[in-house]
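**Q** The primary structure of each chain is shown beneath.
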Amino acid sequence: MKKTVGYVYAVDGVSFDVPQGQTVGLVGESGCGKTTVGRCILRLINPTDGRIFFENEDISEWKGEKLRQLRREMQIVFQDPYASLNPRWTIKDIVGEPLLIHGPAKRQALYQIVLESLMRVGLSEDHMNRFPHEFSGGQRQRICIAKALTLRPKFMVLDEPTSSLDVSVQAQVLNILKDLQAELGLTYLFISHNLSVIRHMSDTIGVMYLGEIVEIGSRSDLFREQLHPYTEALFAAIPIPDPEVTRERKILTGEVPNPTNPPKGCRFHPRCEHAKDKCREVRPTLVDVGSGRRVACHI
Amino acid sequence: MSETVLEVRDLKTYFYTYAGVVKALDGVNLTVREGETLGLVGETGCGKSVTSLSVMRLVPNPPGRIVGGEILFKGQDLLKMSDEEIRKIRGNKIAMIFQDPMTYINPVMTIGDQVSEVILLHQDLRKEALQMKIEHLKTRLQSASADTQKEVEKEIEALQLEMKDPPKLQTREARRIAITKAIDLLRLVRMPYPEKIVSQYPHELSGGMRQRAIIAMALACNPSLLIADEATTSLDVTIQAQILALLSDLKRSLRTSIMVITHDLGIVAEMCDKVAVMYAGVVAEYANTKSLFKNPLHPYTKGLLRTIPSLTKEQDRLEAIEGMVPNLIYPPEGCRFHPRCRNVMDVCRRERPEMITVEEDHQVACHLYATRESQREASR
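In order, the protein sequence lines correspond to chains A and B.
All residue numbers for the first sequence refer to numbering that gives the first Met the number 0, where the first residue is 0 and numbers rise by one.
All residue numbers for the second sequence refer to numbering that gives the first Met the number 0, where the first residue is 0 and numbers rise by one.
Treat the hints with care, as some may be off.
Unchecked claim - Covered stretches of chain A, going by a simulated chain B footprint (3 or more residues, C-beta under 8 Å):
#1 161-167
#2 170-181
#3 194-202
#4 225-237
#5 250-257
Treat the hints as calculated values from the structure; they're not laboratory data.
Even glycine gets a Cβ: it sits at the ideal position worked out from N, Cα and C.
Chain A with its partners taken away, still in its complex shape:
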């Protein structure tokens, strides 16, 4: 699918599948389009071109009541837990809001459902009548997850859910997400720039650069060997918390190009040390290299 905002090709031809009960991770740096993909899938932004299939139905153009019904099934958790909660509402109201729109809204039923959601994320009944500012970042993020769970969705987009949290809090939240996936059979699209978190959470991983998926494959394949030069550079760039490990580090030079004026041909070619003539002219497409792995590279 494509999404053109003015002349910014934020997402330019992205295709992938998310199998039920699994997690697909989208990793990439700022400006690569991963957040836009997440929002497009949920129809928070409307794609300019392309199709989105949810449970084998084409939802790309659904509107009105149909779209509203769909929203029960698909939810999202955002990055900034300080910005995504209404500071003037109690936790009970925040987590219960989806029920006001989609029902049931009767007080008793609502209370029970909200309580259940909160307990699922490790919070308790005493938290229901408090306000967001009384909670820490990690707790707020759990409230966001609870809210997303209220309608018992099948699919959740998690957009950098732990990026603004401390490492130890991140561990708590990721554990909760994994437990919930096992308990409720949820399917996740996990978006992050943090490769180790993506590795921990995902079954399949897609690497994005400047609006495209440059490589996609299973977690084990991708971590065993990186095929696309950008994937290689991304993996090499991460500092490893082990002073004994000395790596030959190939540091990627240059900057991410401006998305309003992407390079011709392969978008990565100006920074690629293996770039050949063909790379400057022709844009590579994702090619299957076996066992469900795809790479977009001429080399």
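Once you have looked at the hints, place chain B on chain A.
**A** Just chain B, lined up with the frame of chain A:
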């Protein structure tokens, strides 16, 4: 044994707020030697940024105040200096780079002007100006005719005499020299097209480039100590790798000591010689990097290392540290970590642990090791 550049002794920095007194730093001890890189690691609220601000005497007052301790920079106590004296050191001998390059850079000045500003403030450019004039004349000498040669030589002699007490510089001259030096500095920090960048504004640059500009400003006066406070946190990971590589190279060539403040243990493992793990305003563990990762002693350090998702091992669940960081207005009695500690003992609830040396270059503030030591004493 190399010279000690910075020594922080029992530093206490408190913040006086309506809600109470926040004991942000409650007795911090650190040392940085020449050419050494110290990592200050900890999570939000542990006091690492406050430590660096205290060293620079930039703690906002009110509500903050350094209430105790000493900060010795090359033997001199920074806390006893006057405002004027500290201004001569700040930005000059001790420099700092902050987290978000867009917030800390001046948006209405060109990069060139900003880097020059540092140079003009702290450096005496008179001798350099004079030297430049002499060099200029010397080149003229080579292409001059016989008659003019004598004249030029006389001029050079005259200028050389002035070297002992060079004349004051005109602003325009000074700025010209400063800009030339700025371009050199930008080249040093691997900024692409430095001659173009000097006339550009920060918003025209990318995040990585802005951070390079800030590093250039920090290095302008060849500081003995560079404090990098989460300098790469807001950058993309590939750009972060570039900046860290740059800092490593610069540290080697300029022999600058660096204090790296971060929450990323990966960066610590790569860049730092020594590490201080901070928790709730105190140093929990202090060791050389290899020892810390190989043999973490403090339960908090152990917990921290376990919460990092591994890039190599298979993990089903991540181990989390139970509980939350304490409120520093009412910190826990005794050891500040005790409410969250798996190995908590009675003494931990009552007494604050002292720093004990467990092995060479490895100290920890934890009663677990005190008891072992006292047991060893008792068994003698």
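**Q** Taking the hints in turn, state whether each one holds.
**A** Right, here's what the structure says about each hint:
no.: 1; hint: 161-167; in the structure: holds (count 3)
no.: 2; hint: 170-181; in the structure: holds (count 5)
no.: 3; hint: 194-202; in the structure: holds (count 5)
no.: 4; hint: 225-237; in the structure: holds (count 5)
no.: 5; hint: 250-257; in the structure: holds (count 5)
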